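Student: Sequence:
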Amino acid sequence: MTERGFHPFAVLHFLRKTILLYLLPLLQVLFARNWAALRTALVQGAVLLAVIAAVSAAVLHTSRWQVDEHGTLRVCWRLGVRLDRCLKAGQLAALTIERPLLYRLAGASRVVLYPAGQKRTLTLLLNAQDAQLLADCMMPRRDAVAHTPRGGEKLAFAVLGANGLSTLALLALAIRQSRPYVPDAQTAAFAHLNQLAAWAARWLPMGTAWLLVLGGVLFCASLARSAAHAAHYTVWRTESHLGSRGGFVHRYEMRLALEHLSYADLRRSPATRALGCCPVFVTAGSCRPEIPLLVWREGSPFLQELLPGFALPPKAPVDTAGRSIPAYFLPAGIPCGLCLLLTAVSRYTLPALTVPLLVVTAVFAALLAGAAVGYRREGIWLQDGHLTLRRQRGFHLHEICALCPAPALTALRSPWAAAVGRTDSYPHLSGRGEVQGAQREMQ
1347 MTERGFHPFA
1357 VLHFLRKTIL
1367 LYLLPLLQVL
1377 FARNWAALRT
1387 ALVQGAVLLA
1397 VIAAVSAAVL
1407 HTSRWQVDEH
1417 GTLRVCWRLG
1427 VRLDRCLKAG
1437 QLAALTIERP
1447 LLYRLAGASR
1457 VVLYPAGQKR
1467 TLTLLLNAQD
1477 AQLLADCMMP
1487 RRDAVAHTPR
1497 GGEKLAFAVL
1507 GANGLSTLAL
1517 LALAIRQSRP
1527 YVPDAQTAAF
1537 AHLNQLAAWA
1547 ARWLPMGTAW
1557 LLVLGGVLFC
1567 ASLARSAAHA
1577 AHYTVWRTES
1587 HLGSRGGFVH
1597 RYEMRLALEH
1607 LSYADLRRSP
1617 ATRALGCCPV
1627 FVTAGSCRPE
1637 IPLLVWREGS
1647 PFLQELLPGF
1657 ALPPKAPVDT
1667 AGRSIPAYFL
1677 PAGIPCGLCL
1687 LLTAVSRYTL
1697 PALTVPLLVV
1707 TAVFAALLAG
1717 AAVGYRREGI
1727 WLQDGHLTLR
1737 RQRGFHLHEI
1747 CALCPAPALT
1757 ALRSPWAAAV
1767 GRTDSYPHLS
1777 GRGEVQGAQR
1787 EMQ
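According to this note's numbering, the sequence shown is numbered sequentially starting from 1347.
These are calculated hints, taken from the structure and not from any lab test.
Heads up, a few of these hints could be off.
What the hints assert, rightly or not - Pair ranges (Cβ atoms, derived):
| hint | residue 1 | residue 2 | range |
| --- | --- | --- | --- |
| 1 | Thr1769 | Arg1431 | 40 to 46 Å |
| 2 | Asn1380 | Pro1677 | 47 to 53 Å |
| 3 | Asp1730 | Asp1665 | 19 to 25 Å |
| 4 | Leu1684 | Val1389 | 54 to 60 Å |
All of these numbers come straight from a predicted model, not from anything done at the bench.
Yeah, the Cβ is synthetic: ideal placement off N, Cα and C, and Gly gets one too.
Required output: the full structure, derived from the provided sequences and hints.
Tutor: Here you go:
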């Protein structure tokens, strides 16, 4: 392949990192209200910006990249001193292509390459055609078996993607989508709408009401963003690579090398149980954060087809004998008890704060219920030659299958834990680091 250049957005990417050089002097002069010095600082900043932009443009004009016949990427930065970086296709664990709206208007793409076993990534700003050509050279997509979600799968992907907000809101949405109201029930609901509004005006303070409105707006925005993320979504697999692409406004594509795949993470929540499916996140090498792969419907063999050797932790009950109850329940139990006490006191002193405190108490109570699930279900198992573990974090239950060949495991035992025969273990998965407290005790 002949040498190719970078997109002009590479200059803007570099100038964004130097913006503090222009803003800090301007802020100091602006706070001092010395307008003559402000004009001088503006002129100096403009000259500095022009010089840095000219140097960046010269570096962009003289720098090149190419992929040779052996599949090795060579990136050369030239300006007086030549800096080269080489990356073989066999050393590449993951590759992502991002095309936000502004990049699409300019015909640019941001390519991020994740070498296996390294935390230092390589980011290139290329034309859209060059980015696709680079991806096809480094991780070819030949004889790919593709799967495109349809209908309810897209809806499930959108709903489960909006999991940054209340899980209870997701559950209510899932129930409403799966069980439509009959006309009589819907009429009765609208008939009681005025009563609900009157109740809210009577008991909810203005700040709490606006807070609920803001939460609803954020939830709708998050759901719309997830729906846009799931648009045109396709997942595919070859003999050596795994990938997906999609997006409506923010286009993206990711490719993973199966030989460098680190782990797969299934995240369960009350919403996933209501919909009967759960999102699957994967990572390879040092690729961070985890990449959403698909929404897997419970019981379907499609996940095993995409990820050979994937195994789930056993569903058998976990022996909780000797487990540390404070380690599980104190982080959420103490705030929940404190909020309950404050709610009881506010009922007689400040009734206006009772409802907001009840909302906070409900959140901590939900976290306490999640801790109870973790207490009964967390653990580490060896399934079909793979290390599997189950870990509760907040509202989500993570079921992780380590696909890397040799994950590490650190076992720590304090004197108090040794007295009751308990050991805290921390698995180290490639690309994720250690999973804190995935198994808090091993007899």
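Student: Does each hint fit the structure? Answer for all of them.
Tutor: The hints, checked one at a time:
1. Thr1769 with Arg1431: 40 to 46 Å: Once the Cβ atoms are compared, 43 Å apart, the range 40 to 46 Å for arginine 1431 and threonine 1769 holds.
2. Asn1380 with Pro1677: 47 to 53 Å: Distance hint for asparagine 1380, proline 1677 holds at roughly 52 Å.
3. Asp1730 with Asp1665: 19 to 25 Å: 22 Å Cβ-Cβ, so the 19 to 25 Å window holds.
4. Leu1684 with Val1389: 54 to 60 Å: holds, 57 Å
Every hint from the earlier list agrees with this structure, and none is contradicted.
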